[in-house]
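There are 2 protein chains.
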Amino acid sequence: MGKNKLGETDTRAPKEWDKQETKNRLVDILAELDELQNLLYAESKHSLLIVIQGMDAAGKDGLIRNVFGRLNPQGVLVTSFKAPTAVELAHDFLWRIHAHSPAKGYIQIFNRSQYEDILVTRVHKWIDDDTAYKRMKAINRWEHLLKEHNSTHILKFYLHISPDEQRRRLDERIKNPAKQWKYNEDDYKEARLWDDYMEMYEDCFRHCNEAPWTIVPADQNWYKEYIVATTVRDTLKALNMQYPGLKRKGQEQA
Amino acid sequence: MGKNKLGETDTRAPKEWDKQETKNRLVDILAELDELQNLLYAESKHSLLIVIQGMDAAGKDGLIRNVFGRLNPQGVLVTSFKAPTAVELAHDFLWRIHAHSPAKGYIQIFNRSQYEDILVTRVHKWIDDDTAYKRMKAINRWEHLLKEHNSTHILKFYLHISPDEQRRRLDERIKNPAKQWKYNEDDYKEARLWDDYMEMYEDCFRHCNEAPWTIVPADQNWYKEYIVATTVRDTLKALNMQYPGLKRKGQEQA
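Chains A and B, in that order, are what the protein sequence lines are. If you count the first sequence from 1, position 4 lands on -12 in the numbering used here, and the numbers rise without skipping. If you count the second sequence from 1, position 139 lands on 123 in the numbering used here, and the numbers rise without skipping.
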């Protein structure tokens, strides 16, 4: 994160960025991503966990469709974490999360994640600070477990929109019949807690650094998609993966 | 553990213990356990994880049947961990374990456990010491997670038999038609690695103390059952559980 306060961090692309040119470049990056994902699957040495967080209407669903929806669904899994069920609440908060950690060779997307347990819960004071900091520590340790014991690379994206843009998008949900299914009265109530959410997100970025956060300016979808696709591409490229070649009997190991 | 070396630790009851008297006392303890398990389930504030480890033929299955088999199966779950599958091996070693951590109100028995990943694997040198110590740290942290974030109480039992008793029991598996299904040629091979196993168990007891180990003299089943049942009873009793009384609407919380 460039700045400490989200309120001082841009939610839009730098002025000089050209929308059409960026969209053209995205097409090439998605082609690269497709190839890299195939390699990840073929090599099956690493896995990738992508955490997507953001306020309501920050564009999480659209990002998943437009960037990860272009990849082979056989190797890409998406899990949306909703409010926990009674059975999930009867376990530690990471239990339902761990169940969806990626197998080697796979890309796993989390649409919302373990971080909700230190965001919405804190804003509404369902948990106290002591519990929140214990959870943060547990999250760091859990992410470390995946990195150290399963070669899982973790990328966390915060889709950063402005309150004005959020308002515009929530209103659109009322007007547009194709978006009305997303309308939830409570979203407006939550929107009033904007500053509290920003504070809790900032605290989360400060304390949960076992894997890097990328703060993605997200008022413009084309820029958001470009930033996320590029970050994922760069991470996969850095793994220097190789197609394993012909496997012969007796060469495999546990 | 009373002594540092397993080889110097008794595998039999103290001489003065009377078998029949102990068996009679066990009957009373099992009745207490039954009541305490019902209370655990009714209150649903805590959970209990019981890890059972031991060499082949140490009597793990018999213990589970004779002690935990007397409790209400609705609130008592048993998971036997065998050699990991390909899918399990494609995840961190705690992934398949975490999936079976107990919900509040439940007793979960692990017949073998996360500890196999630093025992059999180390004896056969499938992993190096560095990996083993990292795994131990991860196990400690995982047990801490359950304790801190789900009020899970963890008891770990090592069923301690002598090599002579093991030999006697393995031979019995060949002779007795009702036990032949348990016979596994490899058990004799593993038995030859006795000293290596003892060394790895001792190292595990030294480093994995997030929850207590009980070394159970296990050459005599009656004594083994008594020690385990008593330890579980004492742990549940110390929770000072209460039946929750009538629940009225609006009193429940997440």
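Since the hints were derived computationally from the structure, they do not count as laboratory data. Just so you know, not all the hints are guaranteed correct.
A pair holds if it fits inside one copy or across any two, identical chains being indistinguishable in the list.
To be verified - Calculated pairs, DMTMM-like style, for lysine to aspartate or glutamate (alpha carbon to alpha carbon, straight line, at most 20 Å):
(1) Lys166 / Asp218
(2) Lys231 / Glu186
(3) Lys29 / Asp112
(4) Lys121 / Glu132
Predicted, not measured: the structure shown is a model, and the values here were computed from it.
Query - Non-conforming hints, listed in increasing numerical order - result: As far as the earlier hints go, 1 and 2 are violated by this structure, in ascending order.
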